[in-house]
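Asks: So you can see what is in the structure, the chains are spelled out below.
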Amino acid sequence: MPEAPRPGAASQREQRAKRLIFLLIIILPCAMALGLSSGAVSLSPAEVSQGLIDTLSGRGGGQAEIIIGQIRLPRILLAAVMGATLAMSGAAMQGLFRNPLADPSLIGVTAGASLGAALVIVAGGSWLQGYMGLTLVSAGAFVGGVIAVLFVYRLASSANGTSVATMLLAGIAITALAGAIGSLLEFFADNDMLRRISLWKMGGLDGANYPRLVLASIVSGALLLLLPRYAAALNALLLGESEARHLGIRVEGVKIALITWVAVGVGTSVAMVGTIAFVGLVVPHMVRMLAGPDHRYLLPASALAGALLLVMADTLARVVVAPTELPVGVITAIIGVPFFISLLRNRHHYGMQP
Amino acid sequence: MSTLQLSHINAAPWGAPLLEDINITLQPGAILALAGPNGAGKSTLLKLIAGDVKASAGELVLGDSPLVDWSPQERAQRLAFLPQMSLLNFPYTVEEVVLLGRTPHASGRTRDFAILEQVLQLTDTAALRQRLYTQLSGGEKQRTQLGRIFAQIWSEQSLAGSLLLLDEPTSSLDLAHQQQMLSAIRLLARRGCAVVLVIHDLNLAASVADHILVLDKGRQVAMGTPRQVLTPQLFKQVFQVDISISHHPQQDYPMIIPQGPGR
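Note that the protein sequences, when read in sequence, are chains A and B.
If you count by this note's numbering, then the first sequence holds residues 1 to 354, one letter each, in order.
If you count by this note's numbering, then the second sequence holds residues 355 to 617, one letter each, in order.
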């Protein structure tokens with residue numbers, strides 16, 4: 001028997017995954033630079049770099065500095081951070097539920113957060129204006145998302161542990177309930193509230209500013225550092241829960257940790273930028289198709305690709321109907337759905353059997 | 355020191371008792387086959403030894419300490435379980451599935467890949483190594499999963515203290531691969547690994563096992579060497595079938611010949 005390790009498919013795929021990550025690390029800054037230069041006012045590369053230098057050195061002044069520093073830079077960074085969070089959370093959920101169609105919204109976060117936001121908008125009424133109002137709505141969304149997940153988790157837990165199948169069903173039930181209550185609220189809301197609820201639901205990065213960016217970066221940074229630690233556990237979990245247990249994984253602890261972190265991450269993202277469809281679902285799929293299901297590469301590559309997708313979608317959202325802009329959730333769905341349908345039709349090409 | 359010891363084990367995971375007063379002592383290198391009609395408690399007993407089902411009474415000792423005292427990782431380094439069905443529907447390659455067996459060990463890449471090579475040879479999956487698991491046939495999947503289980507407890511040194519639990523390891527295999535996998539199991543046993551397996555084909559059980567334990571309605575009705583246990587009386591009593599016992603022409607174990615439906 002050969003003693004020396006021969007490079008096989010495992011390492012071929014590893015090579016491919018590393019190349020993908022390398023490529024994404026190069027493309028992402030380019031996309032962000034493109035995002036900085038385009039919008040209602042187009043800026044040349046020279047103006048972008050001058051604006052960046054002025055912003056970073058704290059020198060105020062020019063028009064470019066205001067557009068870059070005050071508007072586009074926090075917005076693009078927020079898009080990158082939230083895209084990374086959503087995509088990595090999606091990859092972790094798909095692994096945990098052993099379901100390639102799972103999405104963070106399946107455990108009720110998105111619906112709960114939407115309801116929380118709608119509640120604040122309706123209860124707050126007309127005095128809820130400006131920056132303070134936006135912060136309160138975000139807080140409502142975050143609390144709503146976390147409460148929904150707690151509910152779903154309690155429903156699915158018994159003395160014998162947490163049933164992933166029950167959790168999916170409970171997530172669907174809570175999503176339906178939150179949706180119904182949300183509709184009820186909309187029924188009683190006045191026109192102004194209704195418009196704000198629906199705009200908020202579509203998702204958008206136009207509320208981006210530095211305080212938000214800092215808060216989002218802290219949560220996402222923690223998530224991006226912590227989730228990859230569960231890569232080996234997620235790899236084993238794809239075999240099945242008891243198989244993972246027989247491989248020495250503390251399955252219950254891993255489940256609780258992952259669900260908590262995803263709830264916090266996605267709750268934060270809904271609070272910051274509203275519901276953004278399909279990033280958490282489609283991005284891990286794309287990465288898995290290119291680099292295989294190994295979470296050691298899937299998680300970081302998904303984070304990078306998610307950041308890239310949301311930065312590009314936001315750039316598009318600002319450009320296509322300039323000087324106004326489209327909600328970014330609309331763009332991700334319009335890009336995401338056709339892509340997703342083509343994935344479903346071609347799933348046998350990469351061995352996926354949902 | 356025995357690898358596994360069960361004394362007066364009872365289990366009732368869903369209320370009704372599924373196992374009653376089970377007693378097993380398994381020495382390093384011993385192969386024990388569990389036999390019995392459908393629903394006799396064979397898989398429950400395997401799951402109990404694997405820690406998936408809790409005993410309601412009795413004592414279960416792995417090596418030198420009770421099973422519940424082992425940390426998950428240390429237990430996984432010496433106890434591997436092949437379940438009847440696999441849920442895996444993500445496109446891992448065969449190599450990646452086998453390497454997952456090394457999860458509980460921090461043995462390093464070089465060593466894991468060396469073990470991978472040996473296990474691929476042993477399970478005749480070297481030719482499949484780059485194929486996607488989801489696109490394999492049932493028998494190929496079973497061999498891949500067996501490879502993962504073998505990789506989990508693999509060691510060039512003695513395997514004394516290790517324990518393999520196999521639930522129908524040969525159910526989807528063709529005749530040649532059945533024989534090959536049973537030889538592989540015997541090879542691991544010769545190096546000290548204890549094995550508990552469920553096999554429905556009692557001729558296969560007789561050919562590979564040192565001892566057979568017959569379960570009926572959760573109770574242990576017979577335990578001994580294949581020759582001691584496999585008798586026409588037992589088959590009449592437990593399986594309600596008439597058989598005759600013959601003898602393998604080359605090997606020293608009994609062969610069961612069912613009456614057949616008649617013509």
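Note that these hints are calculated values from the structure, not bench results.
These figures come from a predicted structure and were not determined experimentally.
Keep in mind that the hints are not guaranteed to be accurate.
Partial list, computed: chain B residues near chain A (C-beta under 7 Å) [said to hold, decoys possible]:
id, residue
1, Trp368
2, Ser397
3, Trp424
4, Ala430
5, Leu442
6, Phe444
7, Pro458
8, Leu527
9, Asp528
10, Leu529
11, Ala530
12, His531
Derived pair list, reagent style DMTMM-like, types lysine to aspartate or glutamate, alpha-carbon separation capped at 25 Å [said to hold, decoys possible]:
id, chain 1, residue 1, chain 2, residue 2
13, B, Lys408, B, Asp570
14, A, Lys18, B, Asp418
15, A, Lys201, A, Glu14
16, A, Lys18, B, Asp570
17, B, Lys401, A, Glu14
18, B, Lys495, A, Asp192
19, B, Lys401, B, Asp418
20, B, Lys408, A, Glu14
Note that beta-carbon positions come from the ideal geometry of N, C-alpha and C, so glycine has one too.
Asks: Each hint needs a verdict: does it hold in this structure or not?
Replies: So, going through the hints one by one against the coordinates:
1. For tryptophan 368/B, the shortest C-beta to C-beta distance to chain A is roughly 10 Å, which exceeds 7 Å, and the interface hint is violated.
2. With a cut of 7 Å, the hint placing serine 397/B at the interface with chain A is violated, because the nearest CB-to-CB distance is about 12 Å.
3. Against a cut-off of 7 Å between C-beta atoms, the interface hint on tryptophan 424/B is violated, since the closest Cβ of chain A lies about 10 Å away.
4. Restraint check, alanine 430/B versus chain A: the minimum CB separation of about 3 Å is within 7 Å; hint holds.
5. With a least beta-carbon distance of about 5 Å to chain A, the hint placing leucine 442/B at the interface is held under the 7 Å criterion.
6. For the restraint placing phenylalanine 444/B at the interface with chain A, the shortest Cβ-Cβ distance is roughly 4 Å, inside the 7 Å limit, so the hint holds.
7. A cut of 7 Å between beta carbons decides the hint on proline 458/B: the least distance to chain A is about 4 Å, and the hint holds.
8. For leucine 527/B, the suggested interface contact is broken, since its CB lies about 20 Å from the closest CB of chain A, more than 7 Å.
9. Evaluation of the aspartate 528/B hint against chain A yields a violated restraint, the C-beta minimum of about 23 Å exceeding 7 Å.
10. Because the beta carbon of leucine 529/B sits about 25 Å from the nearest beta carbon in chain A, more than 7 Å, this interface hint is broken.
11. Taking 7 Å as the C-beta cut-off, the interface hint given for alanine 530/B is violated, the closest approach to chain A being about 20 Å.
12. For the restraint placing histidine 531/B at the interface with chain A, the shortest Cβ-Cβ distance is roughly 19 Å, beyond the 7 Å limit, so the hint is violated.
13. For the given pair, lysine 408/B sits about 20 Å from aspartate 570/B by alpha-carbon distance, which is consistent with the 25 Å threshold.
14. For the proposed pair lysine 18/A and aspartate 418/B, the alpha carbon gap of about 44 Å is over 25 Å, so the pair is violated.
15. Taking the CA atoms of lysine 201/A and glutamate 14/A, the gap is about 39 Å. The hint is violated against a cut of 25 Å.
16. Between lysine 18/A and aspartate 570/B, the direct Cα distance comes to roughly 54 Å. Violation of the 25 Å bound is thereby established for this hinted pair.
17. Between lysine 401/B and glutamate 14/A the alpha-carbon distance is near 35 Å, which puts this suggested pair outside the 25 Å criterion.
18. Note on lysine 495/B and aspartate 192/A: the hinted pairing is violated, with a Cα-Cα distance of about 59 Å set against a maximum of 25 Å.
19. For a cut-off of 25 Å, the pair hint linking lysine 401/B to aspartate 418/B stands: about 20 Å separates their Cα positions.
20. At roughly 40 Å between alpha-carbon atoms, lysine 408/B and glutamate 14/A are farther apart than 25 Å, so this suggested pair is violated.
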